[in-house]
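K.L.:
In this note's numbering, the protein residues as written are 8 to 262.
These are calculated hints, taken from the structure and not from any lab test. Just to be clear, a hint being listed does not mean it is correct.
[What the hints assert, rightly or not] Straight line, CA to CA, 20 Å or less: simulated SDA-like cross-link-like pairs of lysine to any residue:
1. Lys181 - Lys239
2. Lys181 - Lys242
3. Lys87 - Arg59
4. Lys239 - Leu96
5. Lys200 - Glu118
6. Lys226 - Asp161
7. Lys87 - Asn99
8. Lys87 - Trp218
9. Lys181 - Lys200
10. Lys219 - Pro136
11. Lys156 - Met229
12. Lys239 - Lys143
13. Lys239 - Gly258
14. Lys175 - Phe193
15. Lys200 - Leu189
16. Lys196 - Lys175
17. Lys198 - Glu97
18. Lys239 - Gly223
19. Lys87 - Glu63
20. Lys196 - His210
21. Lys242 - Glu253
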Amino acid sequence: MPKRSSKKNPRDVNVLAAQIVEEATAELVKNPAAVALGRLGGLKGGRVRYERLTPEQRKGIAKKASWARWDRHSLYNEIKATQVVALLLELNGGEMDYAKCIKLLYNIEREALNRWMRPVIFDDLFSLPHGQVVSKTLDRAKLENQGVKSFWRDHLETNNENNIRLIKECGRGKLSRAEIELIKEFSQKYKDKTPGQMMDEHHNPELFPEWKNPQGSSKKTMHSDLLRLLGKTNKQIEEFEEDMNELAYLGKMTR
């Protein structure tokens, strides 16, 4: 049995705040730019160079470091993703084509970002040859991955006809009322669309300008780039990244 860490979070709010600031500062010093400078002139020289940066340069470095921390500490919510798909299946007669489901999930995640500046399931977004996808959910839905134990696979399965179906109720406890209404809205909007028609829409630059031809591979779609294409301002995007980083940091602290 692995040993538990002896380091505990202090109960005193002021002490905890000081600890968070200390850890955040330590992470900031270890940002990629400072590390790169350290490699060029030694650790000490790199830190000196970092200290000589202007406030604007430090702010830019801190922003890149925060994005890196968010990327390392995924906010993906598998239980919520399972509940979203379960609701979609319920609205679709109990099952849905695997490819259509993944496209519909991406469209819902995209619209949530557009309306609320906040994703629903916090999935990674990628361009694949057949369009945009929510990557972590796609991995769970693949037929070849059905034997791996997870919350998703306790409640959903992909059969040999590449249809996803509900095998056990999983509730809606993680979904807000607004999210449920958005899911219902998009289920109705794409009710009569075929998987092929949805793929064609994703390849249309007027509808989904974020799709980039990956030439048979995959290309990650950064949330900040997508928000920019959706017409959000630099300030809105910065606030979004700060919110995501705070959520990732809090998640790290509570694990």
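K.L.:
Does each hint fit the structure? Answer for all of them.
P.N.:
Here's how the hints hold up against the structure:
no., hint, in the structure
1, Lys181 - Lys239, "violated, 27 Å"
2, Lys181 - Lys242, "violated, 29 Å"
3, Lys87 - Arg59, "violated, 45 Å"
4, Lys239 - Leu96, "violated, 32 Å"
5, Lys200 - Glu118, "holds, 18 Å"
6, Lys226 - Asp161, "violated, 30 Å"
7, Lys87 - Asn99, "holds, 18 Å"
8, Lys87 - Trp218, "violated, 25 Å"
9, Lys181 - Lys200, "violated, 28 Å"
10, Lys219 - Pro136, "holds, 9 Å"
11, Lys156 - Met229, "violated, 29 Å"
12, Lys239 - Lys143, "violated, 25 Å"
13, Lys239 - Gly258, "violated, 26 Å"
14, Lys175 - Phe193, "violated, 23 Å"
15, Lys200 - Leu189, "holds, 17 Å"
16, Lys196 - Lys175, "violated, 26 Å"
17, Lys198 - Glu97, "holds, 12 Å"
18, Lys239 - Gly223, "violated, 30 Å"
19, Lys87 - Glu63, "violated, 38 Å"
20, Lys196 - His210, "holds, 18 Å"
21, Lys242 - Glu253, "holds, 17 Å"
The structure fails hints 1, 2, 3, 4, 6, 8, 9, 11, 12, 13, 14, 16, 18 and 19 (numbered hints given earlier, in ascending order).
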